[in-house]
Structure formats: structure tokens, C-alpha cells
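**Student:** Make a model of the complete structure from these sequences and hints.
Each chain, letter by letter, is given below.
Number of protein chains: 4
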Amino acid sequence: MDYSFKLDFKVRDYECDIQGVVNNGVYQNYLEHARHEFLLVSGIDFAELVKQGVNLVVTRAELDYKYPLHSGEAFWVGLNLQQLSRIKFAFLQDIYRLSDDKLIVSARIMGVALNERGRPFIYAPVVGLCQQ
Amino acid sequence: MDYSFKLDFKVRDYECDIQGVVNNGVYQNYLEHARHEFLLVSGIDFAELVKQGVNLVVTRAELDYKYPLHSGEAFWVGLNLQQLSRIKFAFLQDIYRLSDDKLIVSARIMGVALNERGRPFIYAPVVGLCQQ
Amino acid sequence: MDYSFKLDFKVRDYECDIQGVVNNGVYQNYLEHARHEFLLVSGIDFAELVKQGVNLVVTRAELDYKYPLHSGEAFWVGLNLQQLSRIKFAFLQDIYRLSDDKLIVSARIMGVALNERGRPFIYAPVVGLCQQ
Amino acid sequence: MDYSFKLDFKVRDYECDIQGVVNNGVYQNYLEHARHEFLLVSGIDFAELVKQGVNLVVTRAELDYKYPLHSGEAFWVGLNLQQLSRIKFAFLQDIYRLSDDKLIVSARIMGVALNERGRPFIYAPVVGLCQQ
Numbered sequence: 008m009d010y011s012f013k014l015d016f017k018v019r020d021y022e023c024d025i026q027g028v029v030n031n032g033v034y035q036n037y038l039e040h041a042r043h044e045f046l047l048v049s050g051i052d053f054a055e056l057v058k059q060g061v062n063l064v065v066t067r068a069e070l071d072y073k074y075p076l077h078s079g080e081a082f083w084v085g086l087n088l089q090q091l092s093r094i095k096f097a098f099l100q101d102i103y104r105l106s107d108d109k110l111i112v113s114a115r116i117m118g119v120a121l122n123e124r125g126r127p128f129i130y131a132p133v134v135g136l137c138q139q
Numbered sequence: 008m009d010y011s012f013k014l015d016f017k018v019r020d021y022e023c024d025i026q027g028v029v030n031n032g033v034y035q036n037y038l039e040h041a042r043h044e045f046l047l048v049s050g051i052d053f054a055e056l057v058k059q060g061v062n063l064v065v066t067r068a069e070l071d072y073k074y075p076l077h078s079g080e081a082f083w084v085g086l087n088l089q090q091l092s093r094i095k096f097a098f099l100q101d102i103y104r105l106s107d108d109k110l111i112v113s114a115r116i117m118g119v120a121l122n123e124r125g126r127p128f129i130y131a132p133v134v135g136l137c138q139q
Numbered sequence: 008m009d010y011s012f013k014l015d016f017k018v019r020d021y022e023c024d025i026q027g028v029v030n031n032g033v034y035q036n037y038l039e040h041a042r043h044e045f046l047l048v049s050g051i052d053f054a055e056l057v058k059q060g061v062n063l064v065v066t067r068a069e070l071d072y073k074y075p076l077h078s079g080e081a082f083w084v085g086l087n088l089q090q091l092s093r094i095k096f097a098f099l100q101d102i103y104r105l106s107d108d109k110l111i112v113s114a115r116i117m118g119v120a121l122n123e124r125g126r127p128f129i130y131a132p133v134v135g136l137c138q139q
Numbered sequence: 008m009d010y011s012f013k014l015d016f017k018v019r020d021y022e023c024d025i026q027g028v029v030n031n032g033v034y035q036n037y038l039e040h041a042r043h044e045f046l047l048v049s050g051i052d053f054a055e056l057v058k059q060g061v062n063l064v065v066t067r068a069e070l071d072y073k074y075p076l077h078s079g080e081a082f083w084v085g086l087n088l089q090q091l092s093r094i095k096f097a098f099l100q101d102i103y104r105l106s107d108d109k110l111i112v113s114a115r116i117m118g119v120a121l122n123e124r125g126r127p128f129i130y131a132p133v134v135g136l137c138q139q
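Residue numbers (the numbering used here), protein chains in the order written: chain A, 8 to 139; chain B, 8 to 139; chain C, 8 to 139; chain D, 8 to 139.
By construction, these hints were calculated from the structure, which means they are not laboratory data.
Heads up, some of the hints might be wrong.
Each pair may be met inside one copy or between any two copies, as identical chains are not told apart.
[Said to hold, decoys possible] The calculated DSSO-like cross-link candidates involving lysine-lysine, where the alpha carbons are at most 30 Å apart (straight line), are:
#, residue 1, residue 2
1, K17, K73
2, K58, K109
3, K73, K58
**Tutor:** Take a look at the structure:
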């Protein structure tokens, strides 16, 4: 599959739980970091937006856990951005083990932009990214 | 809605991010803790199972984020367990703000039990719980 | 030992690492939550202060790890607040396993209050708490 | 200062709290990851050791917080290993902002190796590392 953005990671031991694998919740951290890095290289600074009163928020997350990651394993996150409606967008994000490109997690993260009053609005820079 | 298990929580400040609300990934932690506490009072000790080579694993997670939780807010997680197939089960889990029972997150967490060789199998205690 | 504030907790499985015990970094989370709850019942709302531009920050942490906490164990944090200088204060915090009051972690967390320009200043409400 | 090992990192937004800076507890995660990576390149695999019943554990942590890290900032951890006694060792670890080498955190993390019965013992590979 082709991705418009890829980011490399490595499992850190504190991210693993008593089953000896990366804890389910941690994958959402990886996915968030990949999204924010993608936005940043695309000219959208998540933390700056927060200061300006614009909040990009997740409205729904779907994650398929295919295979676990273990201590020390390198992996990468691939990402595509898709427009769902005038105000809704979705990040299609897959996590692959680096050594053999085995699929680890396949996720679809939906979101909207909220203005200073907490109302969804058309945030042009994200719309522009969707159309690339 | 009726739940077969409820658990009370309170937001901790370290769980909040730069948007001033509980970070998306943290809700999976809350949901996991509620599932493990439910299993424990039902006679299934997650950590003991791991030592015996039985791993209860999440195969898919769907989370609808309805409204954010803020610093200091009390909330509760309601849970129902449902059998999806001979080996698959699903936890229907909702998070509500305590003060007014406002719905915060609605989630469906699917899973299976894996035996010592990592193969899905019919883990009778969970099947029994589904049928209650 | 006498403590001016105590808070009950229970270990959550996602807080445990591949050694099967609570990860070292997690104890700082427990200690922070206990401090913020203590401040809150004393009339100081950490999150509100942040909005007002006042930041209570940690300048030094010393933690002695005596014995590990395991999955499912209940524990409590005891806390005393001490004035170190006109602007510096210290939280003496101990973590005990609930079942037998075994000492788990003994910590000393030092801090100051920073004003809107990021300069340490005498924050009267904390000084008042130290003198109680 | 000279370090026997250095590791590059970048702040991830989920590591920042409502003060808009990296949360105090997260620095222990960074430090742990740097230690484990150092051990790994030195031939000591922390996760493998756990499986063999050998646990490297932290007995005391001292952290001086000099200056906060913010969203998106790159930083590096420098590390030296020191022998304290026949069974005790210490990691001297400093965190620097990458852009200007500003000191962020200065830490001293003490530890021992525990054998299968949980008793401290002389773990030769770490002793060897201390003497290099």
C-alpha cells in the first residue's frame, strides 16, 4: 500500500505490559505521534493550534490488532488522510514491523476541527491536505 | 442502560494533555482496568492467567469519543460482556461523567483467549461469563 | 509516621511492565496525583492555577524504591508538606502496600511556584499550608 | 561532559501535560529507555534477562529538573555507568535540548541485579561495563 507519510519507531520497554508485548493503549500513542508529525511537516502545528483555540479532536477510533510488538522491535507507521464530509476527516494508519513488514495494527482514526467555542468547523489547512 | 459491572474512577492530572483534557489513548487504559476488575470479581485473574500461559487479547477496538473529560472529574465505566462466536467475545463499555451521567466514550472491545502456543481457543470461564 | 493526607490507590495492570511489577516511572504518577488531591482538598486547584498562569513545578525528586507493587495490589500514599526556604517547599511522600503497610517507595519531591513570567515567587496559599 | 552513550529523542505530544510541558514522570521513561538501549548495545538484553529470572532493578532515583521540554522539541540523553559497591551501580544521566544543548534534567539512577530468588548478586556483565 502507498502512504503519503511514514514514520519510524522502536518499542521502548516501559511500553510493554505483563504479557511481554506492547500494551493495547500504547498503539494509540504511536498513531497520535505519527499524525502530529505528519501535520507538522505539512505546516500544521498541533500544539500551536491549541494555543490559538483550535482543537483537532478524535471522534472515533477503530483499531484492528493483528499481531503484537515485542521489546526492542523496530516498526513504522504509514498514514493516509481522507476527507469524509465537509467537516470530517479520517486518518488511515497502519503499523508494520520493520524487519519483515508484518502488519501489526490497522487503524482508522476519524476527527474534526473545533473552533474556540468548541463547535466543529471547516479548517481549511486540513481540507487542503485531504485534497492532495 | 443496564450494565453487569460498574467501576468508579477519577481523572488524574497526568492523564490530561496539552488540550487540557484526558488524552485519547488514556481511555483505553480506563477500559482495560474496568475489564480486568470485572474479570477479577468474576473469578478470572488476568495476571495469573498470563503466568499460566493463557493470554486474553484484544483483536479489535472501536471507540466513539462523545465528550472530553477534564482535570479532576469523576466518572464511571459500565460494562457488558457478549459472545460473538465460539471463540470471540466483545466487551460493550461506556464511560459516563459522574456528576450528570453525560456519555463520554462508547466503546466495543473484541477479544479472544490464546493458549500457550498463541492459538485462539475456547476459554470456558469467559464463555460461562458471556452466558450469565 | 503521621501524615497530613492519605490517598488510597489500586495497581492497574497497564501500569505493570515486563518484570510483572509497577514500572518505576509510574510511581511518580501516583505521587503527583496524591499531591494534586491534597492541594485540591486544601483549596488549591492545580489545573485552575495553570489557567491563571501560576505553575507549581517540581525542581527535584528523590525516590527510594524499597519493594515492588504487583498486579491488583491496593496501596496508599501518605504525604507531608514542608517549607524549605521562602520559595521552596518539599513533599515527603511514602507509598505503603495496604494489606500489611509494607513500605514500597519513600520519596521527597521538591518544588516552587512560578509566576506568569516563569519566575519563582512566594505563593501564599502553599506557604500557608506548610505552616499548618 | 563526556558520555559513554548518547541517544536522540523527540518529545511526543501525548507526553506533555496541562502545563504544556513534558510531565515529570515521563523523564523517567526517557531515562529508562536510554539505559536499556545502552545495555543492549553493550550485549545485555533487559527483556531476555527477565525471561532468565535476572532482574535489573532501580533502588533509588534522583532527578534535578532544570528546565522543561516542550511539544516537538528534540533532545538527547547522555549516560555514564559507575560502580558504587560490589553489587550496586549508578547511571549518571543528563538530558539536553538538542537545539542548544541546554541542560533539562540531571539524574542519578542507582540499581542492583536480583537473582531468581530476588536477592541482590554480582552480575558480572554489568560489573564489566562499569570497569570500561
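**Student:** So, against the hints stated earlier in the document, which numbers end up violated here?
**Tutor:** As far as the earlier hints go, not one is violated by this structure.
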